[in-house]
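Visitor: So the sequence lines, in the order shown, correspond to chains A and B. Mapping to this note's numbering: the first sequence position 463 is 463, numbers consecutive. Mapping to this note's numbering: the second sequence position 440 is 440, numbers consecutive.
It is possible that part of the hints are untrue.
[As the list claims (entries may be wrong)] Ranges of calculated distance between the beta carbons of each label pair, as one might list FRET restraints:
no. : chain 1 : residue 1 : chain 2 : residue 2 : range
1   : A       : E18       : B       : E19       : 16 to 24 Å
2   : A       : H266      : B       : R265      : 44 to 52 Å
3   : A       : A212      : B       : E234      : 41 to 49 Å
4   : B       : D45       : A       : S321      : 53 to 61 Å
5   : A       : L71       : B       : S420      : 38 to 46 Å
6   : A       : K327      : B       : D45       : 29 to 37 Å
[As the list claims (entries may be wrong)] Within a straight-line C-alpha distance of at most 20 Å, the following computed EDC-like cross-link-like pairs (lysine to aspartate or glutamate) qualify:
no. : chain 1 : residue 1 : chain 2 : residue 2
7   : B       : K47       : A       : E129
8   : A       : K447      : B       : D344
9   : B       : K61       : A       : E142
10  : A       : K424      : A       : E487
11  : B       : K35       : A       : E19
12  : A       : K137      : B       : D57
13  : A       : K448      : B       : D57
14  : A       : K226      : A       : D206
15  : B       : K341      : A       : D45
FYI, nobody ran anything at the bench for these hints, they're computed from the structure. Where is the CB? At the ideal position from N, CA and C, for every residue including glycine.
There are 2 protein chains.
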Amino acid sequence: MADNDVLSHPALDKVAGEEFLQDAFQIMMEEGIRKGMDVSEKVCDWKEPEELHQILDLDLKDSGESRERLLERCREVIRYSVKTCHPRFFNQLFSGLDPHALTGQLITDMLNTSQYTYEIAPVFVLMEEVVLKQLRKLIGWEGGDGIFCPGGSISNIYAMNVARYHCFPECKQKGNWAVPRLAAFTSVECHYSIQKGAAFLGIGTDNVYLVAVDEKGKMIPADLEKQIKQAKSERAVPFFVNATCGTTVLGAFDPLAEIAEVCARHKVWLHVDAAWGGSALLSRKHRHLLDGINRADSVAWNPHKMLMTGLQCSAFLLQHSSDLLQKCHCAKATYLFQTDKFYDMSYDRGDKTIQCGRKVDCLKLWLMWKANGTRGLEQRVDRAFAFTRYLADEIKKREGFQLVQEPEFINLCFWFVPPSLRGKEGSTDYSHRLGKVAPAIKERMMKKGSMMVSYQPHGNRANFFRQVVTNPAVTKADLDFFLDEIERLGKDL
Amino acid sequence: MADNDVLSHPALDKVAGEEFLQDAFQIMMEEGIRKGMDVSEKVCDWKEPEELHQILDLDLKDSGESRERLLERCREVIRYSVKTCHPRFFNQLFSGLDPHALTGQLITDMLNTSQYTYEIAPVFVLMEEVVLKQLRKLIGWEGGDGIFCPGGSISNIYAMNVARYHCFPECKQKGNWAVPRLAAFTSVECHYSIQKGAAFLGIGTDNVYLVAVDEKGKMIPADLEKQIKQAKSERAVPFFVNATCGTTVLGAFDPLAEIAEVCARHKVWLHVDAAWGGSALLSRKHRHLLDGINRADSVAWNPHKMLMTGLQCSAFLLQHSSDLLQKCHCAKATYLFQTDKFYDMSYDRGDKTIQCGRKVDCLKLWLMWKANGTRGLEQRVDRAFAFTRYLADEIKKREGFQLVQEPEFINLCFWFVPPSLRGKEGSTDYSHRLGKVAPAIKERMMKKGSMMVSYQPHGNRANFFRQVVTNPAVTKADLDFFLDEIERLGKDL
Ligand SMILES: Cc1ncc(COP(=O)(O)O)c(C=O)c1O
Ligand SMILES: Cc1ncc(COP(=O)(O)O)c(C=O)c1O
Numbered sequence: 001m002a003d004n005d006v007l008s009h010p011a012l013d014k015v016a017g018e019e020f021l022q023d024a025f026q027i028m029m030e031e032g033i034r035k036g037m038d039v040s041e042k043v044c045d046w047k048e049p050e051e052l053h054q055i056l057d058l059d060l061k062d063s064g065e066s067r068e069r070l071l072e073r074c075r076e077v078i079r080y081s082v083k084t085c086h087p088r089f090f091n092q093l094f095s096g097l098d099p100h101a102l103t104g105q106l107i108t109d110m111l112n113t114s115q116y117t118y119e120i121a122p123v124f125v126l127m128e129e130v131v132l133k134q135l136r137k138l139i140g141w142e143g144g145d146g147i148f149c150p151g152g153s154i155s156n157i158y159a160m161n162v163a164r165y166h167c168f169p170e171c172k173q174k175g176n177w178a179v180p181r182l183a184a185f186t187s188v189e190c191h192y193s194i195q196k197g198a199a200f201l202g203i204g205t206d207n208v209y210l211v212a213v214d215e216k217g218k219m220i221p222a223d224l225e226k227q228i229k230q231a232k233s234e235r236a237v238p239f240f241v242n243a244t245c246g247t248t249v250l251g252a253f254d255p256l257a258e259i260a261e262v263c264a265r266h267k268v269w270l271h272v273d274a275a276w277g278g279s280a281l282l283s284r285k286h287r288h289l290l291d292g293i294n295r296a297d298s299v300a301w302n303p304h305k306m307l308m309t310g311l312q313c314s315a316f317l318l319q320h321s322s323d324l325l326q327k328c329h330c331a332k333a334t335y336l337f338q339t340d341k342f343y344d345m346s347y348d349r350g351d352k353t354i355q356c357g358r359k360v361d362c363l364k365l366w367l368m369w370k371a372n373g374t375r376g377l378e379q380r381v382d383r384a385f386a387f388t389r390y391l392a393d394e395i396k397k398r399e400g401f402q403l404v405q406e407p408e409f410i411n412l413c414f415w416f417v418p419p420s421l422r423g424k425e426g427s428t429d430y431s432h433r434l435g436k437v438a439p440a441i442k443e444r445m446m447k448k449g450s451m452m453v454s455y456q457p458h459g460n461r462a463n464f465f466r467q468v469v470t471n472p473a474v475t476k477a478d479l480d481f482f483l484d485e486i487e488r489l490g491k492d493l
Numbered sequence: 001m002a003d004n005d006v007l008s009h010p011a012l013d014k015v016a017g018e019e020f021l022q023d024a025f026q027i028m029m030e031e032g033i034r035k036g037m038d039v040s041e042k043v044c045d046w047k048e049p050e051e052l053h054q055i056l057d058l059d060l061k062d063s064g065e066s067r068e069r070l071l072e073r074c075r076e077v078i079r080y081s082v083k084t085c086h087p088r089f090f091n092q093l094f095s096g097l098d099p100h101a102l103t104g105q106l107i108t109d110m111l112n113t114s115q116y117t118y119e120i121a122p123v124f125v126l127m128e129e130v131v132l133k134q135l136r137k138l139i140g141w142e143g144g145d146g147i148f149c150p151g152g153s154i155s156n157i158y159a160m161n162v163a164r165y166h167c168f169p170e171c172k173q174k175g176n177w178a179v180p181r182l183a184a185f186t187s188v189e190c191h192y193s194i195q196k197g198a199a200f201l202g203i204g205t206d207n208v209y210l211v212a213v214d215e216k217g218k219m220i221p222a223d224l225e226k227q228i229k230q231a232k233s234e235r236a237v238p239f240f241v242n243a244t245c246g247t248t249v250l251g252a253f254d255p256l257a258e259i260a261e262v263c264a265r266h267k268v269w270l271h272v273d274a275a276w277g278g279s280a281l282l283s284r285k286h287r288h289l290l291d292g293i294n295r296a297d298s299v300a301w302n303p304h305k306m307l308m309t310g311l312q313c314s315a316f317l318l319q320h321s322s323d324l325l326q327k328c329h330c331a332k333a334t335y336l337f338q339t340d341k342f343y344d345m346s347y348d349r350g351d352k353t354i355q356c357g358r359k360v361d362c363l364k365l366w367l368m369w370k371a372n373g374t375r376g377l378e379q380r381v382d383r384a385f386a387f388t389r390y391l392a393d394e395i396k397k398r399e400g401f402q403l404v405q406e407p408e409f410i411n412l413c414f415w416f417v418p419p420s421l422r423g424k425e426g427s428t429d430y431s432h433r434l435g436k437v438a439p440a441i442k443e444r445m446m447k448k449g450s451m452m453v454s455y456q457p458h459g460n461r462a463n464f465f466r467q468v469v470t471n472p473a474v475t476k477a478d479l480d481f482f483l484d485e486i487e488r489l490g491k492d493l
């Protein structure tokens, strides 16, 4: 066919496309959701990389495949993937599947727009503002600013950049060479994104001063004070303090009110990494854990963790209503942010970020919130706390289980000590041998597919399990199974 | 109920959840896809921000809403959003909807996992490697490295950071203060993410040297040479050259082979921003536009633009097979990247990025590729070129339409000169008056909902339209409509 003939007809078969989507959706519902949430099915059908590569026949070829083969491929992808919605998946800080959030995500994908201008995302520009405002309200801020970012790490890195700009706006043009050596402060328990951020922003990981924590993993404000003075004596300029609400491993909450005092005294930007713990603000019973968060300059909060919106949904929030975020990140591209549009161009918010195209992350949270109301979300948060309480109490009753510490949040950290090691706490290789238990149990549960939970070493503590329940589909029976299964898998070690 | 009773039952109604998903999916198919792709429907039902806010009743409340109301909300969100799959949507560098890519995206969302470790994303860890390898093969690299990033901007910023690390690895620990002032080079036509990146990385926008372009918008290698020498004479260290394949506005391709020569001579990292133009590599007919790309050190390529995978899908690719990316970005968090796992831990690739949680971006591209084959994707690329050719020829035949330049790629840049301005090219306010035409036509098309196309000023050129067709559902009739409609909307201006 000549070019012109070809161009007279669409090169996409709409009817076949819709049929494919319909069929694939049913496979997804059946294989992913129905089976995924069924405790009699595996959490993951584990294969070693080599074998999985073979099964999946991943290589890309010159010609396309039949509709049947493609649907089969959808089935396989689901089959060999981890079911994070499974009631026995406790491996990450996210789990479960909320049908409204997922619906919001599916609509987002179908609409496939970018969040930069009102003209291209009218609904989502307005919705993002409403959702961010609601999050700020829970923090205790009436005004403020913010934006959704591709993950909490990037939210934290934005905070560092905005704090730097706030101190030294000339850095944007001239780079770090034009400003004194900067010093950032965070506890040794902080998320690694603070280190990654310091490296990325050209500040350097050596300029992150690590503040000591108490035995629960909380930052010691007196040590923060000391470190700030130390930095000053080394002729660095303290510009950024990161406090964590809900540390990744222990779930510790830094004492914000006292930290805010130190920051105020030294006029340093206070950022709160509440990526994990922020959602506790929804609970009237537990929000006291974050007392003082309203004094922060900025906050990172990931609804994609505890609130189950699905990856990614991370808010970077600012107390300041000034144009700081915009000024810090803008490039004023005239091809996108024209200044002669017919509508109010203050709704074009895309220049507040370092991104250009930006996924819509608000709809899933908004729809889930509309479905459950603030009170419904609160119940979920309270339920997660109750589960952790229940498990901690059970652990105390069971021989061989040992809490690393009383959980303050929903990170349940514990060792399983197999019979062969019980009563041997005094022996020199105890810690070494205990450290081998969690990995061995993990291997067995993965190969069996019965559940998933993470473990890690921590300071000089040997490997322990960190279990987290955020999924409201989980019941007490699943938690009893969890402990029984660890015992079953580990009793001969 | 006492806590323990509550915990005995799931707090999520699985059946109701599935039903909601089913109903919402049908709404999405009907309102979003079927109507969205129907030319007799509006591209967007335009409302001013205030009015839309009222219609949508966005505020979040204490209690949840009924299933019916929520489904109605899904309908409304879709109704007032822009249909980027509509055959008359020409506003961004992305458009159209591929059913296989969308399926891949939906499955990704349902599975809701994060790309960091093999244990949590076995299928996607392997799949990402295969897809990235295929992209590298098209560039002409046998080995190499890479990762999917949240957008081309971040891919470009990664390139700058890796280039910096390559020159001065100590910068990661010590910050920019420990290294000499760095100088980056890019053409004046480059994407604004290079500026944003320089600011973010603490390098500073003043240290981005802007290289002159020829009349087609291509970087002039001799000027690059000159700027590098200039920077050196100013005691800065040239560390990064960005060449663009497919500039955002004009669609220009920088002459890579010559630029590579300059870079080799000065031992400077060559990054190619092929976010937009990279997909031309799929076409045997048009890939010559990127001749020399195999000499780049790194490449950014966004399948979410021309290839219609849906936002986001952006590959950052490296020629180097060394561990550079890992070394540059790693933080070695032991809670995630344990070193005593039972499987080959080299499959845990998450420490190559500055993110922690990372969305899976490979499945949609992989499934679409499996469905169409490399040849099918090539046909789409060729079709996009053919459309641009067709439109450029039509424009030459029509009175009042004027090309800004002959399109080399698929950016069709043109003015519409209304009858009142024709023959007035000599008058002093011609340019000023012409600059008001595109915004006025844009306003009219938005309010009518008939189509969407972007415009911008450019250098000292008055506002012109930039039209792009990537959607294979578009036909010649849509393009004829496009030109007719501009005439209809603009003839009285
Ligand atoms: C305390 C804390 N902050 C930040 C993050 C990073 O969030 P993301 O994975 O969205 O980058 C995490 C992730 O686990 C975290 O635990
Ligand atoms: C040439 C070029 N590079 C990079 C980008 C940035 O890509 P993204 O929107 O994915 O950040 C764009 C976006 O339009 C572009 O045109």
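Visitor: If you check each hint against the structure, which ones fail?
Guide: Hints 4, 5 and 13 not satisfied by this model.
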